[in-house]
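Protein sequences, first through last, are from chains A and B. The opening position of the first sequence corresponds to residue 1 in this note's numbering, with each subsequent residue numbered one higher. The opening position of the second sequence corresponds to residue 1001 in this note's numbering, with each subsequent residue numbered one higher.
It is worth saying that the hints were derived from the structure and are not from the lab. Don't take each hint at face value.
Here are some of the chain A residues that sit facing chain B, going by a computed Cβ distance under 8 Å [to be verified]:
1) Lys123
2) Gly324
3) Asn325
4) Lys442
5) Lys484
6) Gln488
7) Arg491
8) Asn494
9) Asn496
10) Asp500
11) Gly562
12) Glu709
13) Pro711
14) Asn712
Over the 10 Å line for every Cβ pair with chain A, so calculated as not near, a few chain B residues [stated by the list, open to error]:
15) Thr1077
16) Ala1101
17) His1106
Output of the computed footprint for chain B on chain A, the stretches with three or more beta carbons under 8 Å from beta carbons of chain B [as the list claims (entries may be wrong)]:
18) 443-457
19) 503-516
20) 613-624
Every residue, glycine too, gets a C-beta built ideally from N, C-alpha and C.
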Amino acid sequence: MIFILLLSFSTVESQNCEYTFSGLVEDFHDKSPIIGATVFIKNQNKYAVTNSEGKFSIPNVCSGNSTIEVSHVACEPQTFELNVSSNIFKIIDLEHHEEELKEIHIKGATGLKTKTAQETLLKTKTLEKFSGGSLGDAIKSISGVSSINTGNNIVKPVINGLNGSRVLISFNNVRLHDQEWGVEHAPNIDVNAAQSISVIKGANALQYGGDAIGGVVIINPTKSSIEKDTLYGKSIISQQTNGRLFSVMTSLNKSYQSGWYVNGQASFKRAGDFEAANYNLTNTGINQKAFTINTGYRKFEKGFEAFYSYLSNEIGILSASHFGNVSDLVTAIESDKPSIIRDFSYDINNPKQDVTHQLLKTNFYKRFKGFGMLSLQYDYQVNHRLEFDRRIGDNANLQAVDLKLKTHSFKTDLKLDSNLDRIYKVGIHGFYENNFSDPITKVRRLIPDYDRFNFGVYSIANFKFDTFMFSGGLRYDVEHINAKKFYQQSRWYNLNYQDDFSDIIIDPDVSGSQLLTNPKFTYHNISASLGLTYNVNRQNTFTVNYGLANRAPNPSELFSDGLHHSAARIELGDLRIKTETSNRFSASYKFNNEKLNLGVETFYNHIKDFIYIEPSGQETTNRGAFPVWSYKQVNAQLFGIDTDIQYEINNNFSVSNKSSLLKGRDLSGNRPLLDIPPFKTTTSLVFKKENWNHFFASIESEFNARQNEYPNNNFNVFLPTLNESVLVDISTPPPAYHLLNFSSGFEFKLSKVHLNVNVFVDNVLNESYRNYLNRLRFFADDLGRNFKIQLKINY
Amino acid sequence: MKHIKTLSVLFILSLTILAACSNDDDPVPVNEEEVITTVTIELTNGTEKVILQSRDLDGDGPNAPEIQGGTLKANTTYSGVITLLNETETPAENITDEVAAEADEHQFFYSAAGIASTFTYTGTNDSNGNPVGINFTVSTEGAGTGVYTVTLRHEPNKSATGVKEGNITNAGGETDVEISFPITVE
Chain A
1 MIFILLLSFS
11 TVESQNCEYT
21 FSGLVEDFHD
31 KSPIIGATVF
41 IKNQNKYAVT
51 NSEGKFSIPN
61 VCSGNSTIEV
71 SHVACEPQTF
81 ELNVSSNIFK
91 IIDLEHHEEE
101 LKEIHIKGAT
111 GLKTKTAQET
121 LLKTKTLEKF
131 SGGSLGDAIK
141 SISGVSSINT
151 GNNIVKPVIN
161 GLNGSRVLIS
171 FNNVRLHDQE
181 WGVEHAPNID
191 VNAAQSISVI
201 KGANALQYGG
211 DAIGGVVIIN
221 PTKSSIEKDT
231 LYGKSIISQQ
241 TNGRLFSVMT
251 SLNKSYQSGW
261 YVNGQASFKR
271 AGDFEAANYN
281 LTNTGINQKA
291 FTINTGYRKF
301 EKGFEAFYSY
311 LSNEIGILSA
321 SHFGNVSDLV
331 TAIESDKPSI
341 IRDFSYDINN
351 PKQDVTHQLL
361 KTNFYKRFKG
371 FGMLSLQYDY
381 QVNHRLEFDR
391 RIGDNANLQA
401 VDLKLKTHSF
411 KTDLKLDSNL
421 DRIYKVGIHG
431 FYENNFSDPI
441 TKVRRLIPDY
451 DRFNFGVYSI
461 ANFKFDTFMF
471 SGGLRYDVEH
481 INAKKFYQQS
491 RWYNLNYQDD
501 FSDIIIDPDV
511 SGSQLLTNPK
521 FTYHNISASL
531 GLTYNVNRQN
541 TFTVNYGLAN
551 RAPNPSELFS
561 DGLHHSAARI
571 ELGDLRIKTE
581 TSNRFSASYK
591 FNNEKLNLGV
601 ETFYNHIKDF
611 IYIEPSGQET
621 TNRGAFPVWS
631 YKQVNAQLFG
641 IDTDIQYEIN
651 NNFSVSNKSS
661 LLKGRDLSGN
671 RPLLDIPPFK
681 TTTSLVFKKE
691 NWNHFFASIE
701 SEFNARQNEY
711 PNNNFNVFLP
721 TLNESVLVDI
731 STPPPAYHLL
741 NFSSGFEFKL
751 SKVHLNVNVF
761 VDNVLNESYR
771 NYLNRLRFFA
781 DDLGRNFKIQ
791 LKINY
Chain B
1001 MKHIKTLSVL
1011 FILSLTILAA
1021 CSNDDDPVPV
1031 NEEEVITTVT
1041 IELTNGTEKV
1051 ILQSRDLDGD
1061 GPNAPEIQGG
1071 TLKANTTYSG
1081 VITLLNETET
1091 PAENITDEVA
1101 AEADEHQFFY
1111 SAAGIASTFT
1121 YTGTNDSNGN
1131 PVGINFTVST
1141 EGAGTGVYTV
1151 TLRHEPNKSA
1161 TGVKEGNITN
1171 AGGETDVEIS
1181 FPITVE
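Chain B extracted, bound-state conformation:
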């Protein structure tokens, strides 16, 4: 019994550690660092350049993003690159760099609806040899109108069926970007 009592004294004492306090001042404004205000996709075919852009300067604020779509040529292959910026900071912060640095935790997915187009990943893969999708190509087919959707997933399951090829269905993970751009193919 004595041992139990001694042990319990030791146990109580061993947990007697206090936390420190900090002082408080007037509030300092916070500009969110991870907010993605601007998503730009640059599609090039030789000298022709098409810019797709979604800009949401108030981030999670009430204003919806301003979306600029584009017009592409039928039966043409464009090479594409996506850039994510945080423009609430000056100079703007390039979030694509962070995505590239954590390539194995991120993947962009591209898809078309209403029109037929084929997307293929190009450029650097992550350390496991899986795609990241910052660079890609898109091949258009016949004329029509529709949307291209880009999705960025955080911690997707890259080994699930079809994910490496760019099919989002089984990817899981958490959505960091999801934008549809109106597209006209002529």
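So that you can see chain A by itself, here it is in the shape it has in the complex:
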């Protein structure tokens, strides 16, 4: 200590202390002067405060190296080295509006993505509850979001009644391309990789894509803290009785003051056969492995990122749901138990799915003073989907579907934020995609090989006035699809393609009475959004918005052709299908005070040429009869109300309710739409006691009504074994049901480690129920009672 003192003394002695350090402190973005900023010369203990012009002057500065620290209440402090050998004048750019900057810095990890859309944010704490579950389960906790299931492991999000390629999923700013078109294709996301998830209803997030008629799900992975030397991590271990599920996730972040960072996250989940209230659900296990690695350099002015994510999912499909023909389906519907019930096992047998998704992303950004930020991004994704059916002979273990989808995409975005009340974004996006349907399966392809190209440009403007916030955007996309598809000659004539599409035949006589065609289609899509938020006062906020979206048909809607074994139906796409157009109007009201939070959202969505699949007839083969499901287009409308209320009764008790009501109509046929989720209301009562180690206990009541509005798609089929014609009731929805769920937990602090122990009991009453939007509802009940214990360690 004395030595250091002596040293500094001797340096000071040798210095010349008659220079003046003066300068100007201004805003990085708009170059406006910053008043009242402190400029501090650390090792000389001299300082000055900027005047009304943002200027300062410090006399009698000594020569040599000094550390200068510039700070202001609303800014991030800045530190730099200065070598003084003469009088110095310096312009210092401070990062003003710290709150706004944080949003840019942490890329919305804590903030919403939009200011004027119907958006809900799920934070880490909520997501952690679903560590052993799926993305679909996690976002279902938002009112207006439901799911369409194939069993309990294949969960597709449904936003305001729309799913599949109408819901865009963005993971770390990369649009997922994962054969999202089929009902039994769950999004390839590990919910553990998310730090926060934003769900935007409707197509109001044009920078992600213009075709998200249903909505956008934005998944933000863990971001390291900025410019700090830290190392921290988290592990969650879950164990549950139902399915004897075990899951573990762990993440670790390391970041440096210099701006470099690296983080990683990995998770493993395994479950065997799940149980309904009264029986085992044979072959419903899951085996999931996932990890992400992220590294890069992040400073306010520039940075880059390299990100890799891997997910592998092996999912068993209820044995009893795999059937041969309509006679089997009739038997299944009439029986109240699945036809195959075996003892518990971790084995996953056929039928099953084996899906691997890999994603590689790199991006780079640079900020320009008084202008804005430019970012460039390239990403590459490979989605490999294998589906295994029950087959015979040498092919017993051969996959029946083998699709590999590779996507290269590139985007450039420019954000002009020199004036934070007038923010503009423009961007150019493009992707090239190749689907390869491997003939190794020895099954005719349900989806053909194709190349797809997309190019899009968009522009968004955000304006902020005193109490108003306005945003508007416009996007144009051109999409081209070039496929090579075999048709059976009999099917080609049956669909009357010989008149309209004879010019696309490239080989009229392929072995097995097939022909090879080369369909090429180009679509031009315009999308637009307009939103207005009015903050009446601190408590009341109104938002209205309008979204126009066009969605080009996806490959399954155009090309599906043949027997879908697992669904025992013949599915037919149609080359004549054109783009669907959605016009969605919505309004929200939010009220917030210390006790009460209230949100009401309503929308009306008119969809012209809505594409959907429905029974259209029957075909007989040597296997028996099969219903034919064809894609068709109608004009449709959707209307809904979602409400969300939270009330703090006192410091210990709070009560909340979430409800959703949705109506969907086929306007062309004047009848209800298929697969519209019924009315649902969830009420929960929470007891909290902070000084009992953050104890909480919550009881939740979930009521799902019966869907009384449904189209009648029942049909008659002749059953040879009974020698009579019977009605196949595939339309009548299951009855209403009510579930009770319980959860409770503690948090302990052990030196630097935080430990949380949480206990959950789902379906406390062990209710047997079936959900209208579960495709396996004809075969088995949904999940019975489940005890789950979760251990979370933050370190």
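Once you have looked at the hints, place chain B on chain A.
Frame of chain A, contents of chain B only:
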């Protein structure tokens, strides 16, 4: 705490295994191997031969099978054998062989409607001593018209009541073949 961090590093690394990629070419046509285009039942009584056949050359395509029924004599016992073929391949693939090879996972069921007839399994059983039903006999009764139905089930529950005797009611499993042939008994 240090241990936890070291463990999590190891855990992350241990899952860092990459999958390989394959390349893609022009599409190769696929002729479905498991499709059963032709089901033939040959009924013989001495020198008399009756052929029942269902032929569906486009498999799961829109064209329905062409079904050929038969005329049998009253109060007569015929011995029967069923053959399944995939004729989209040349030479045609005999799928009955695959069924025989996986005998314990398959069983044919025969029934009559509109006319009275009795079916009895003959021939080889599977490794558990349960019937497969490739060979059988059918005994007709009085004159009339009706249908004979043949069903092939994959993974039936052969130990359920009546299944061994050829009653399909409790068999369960998945249907691979289901055809009704029009029959006249004179």
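Okay, which hints does this one fail, numbers in order? 1, 9, 10, 12, 13, 14, 16, 17
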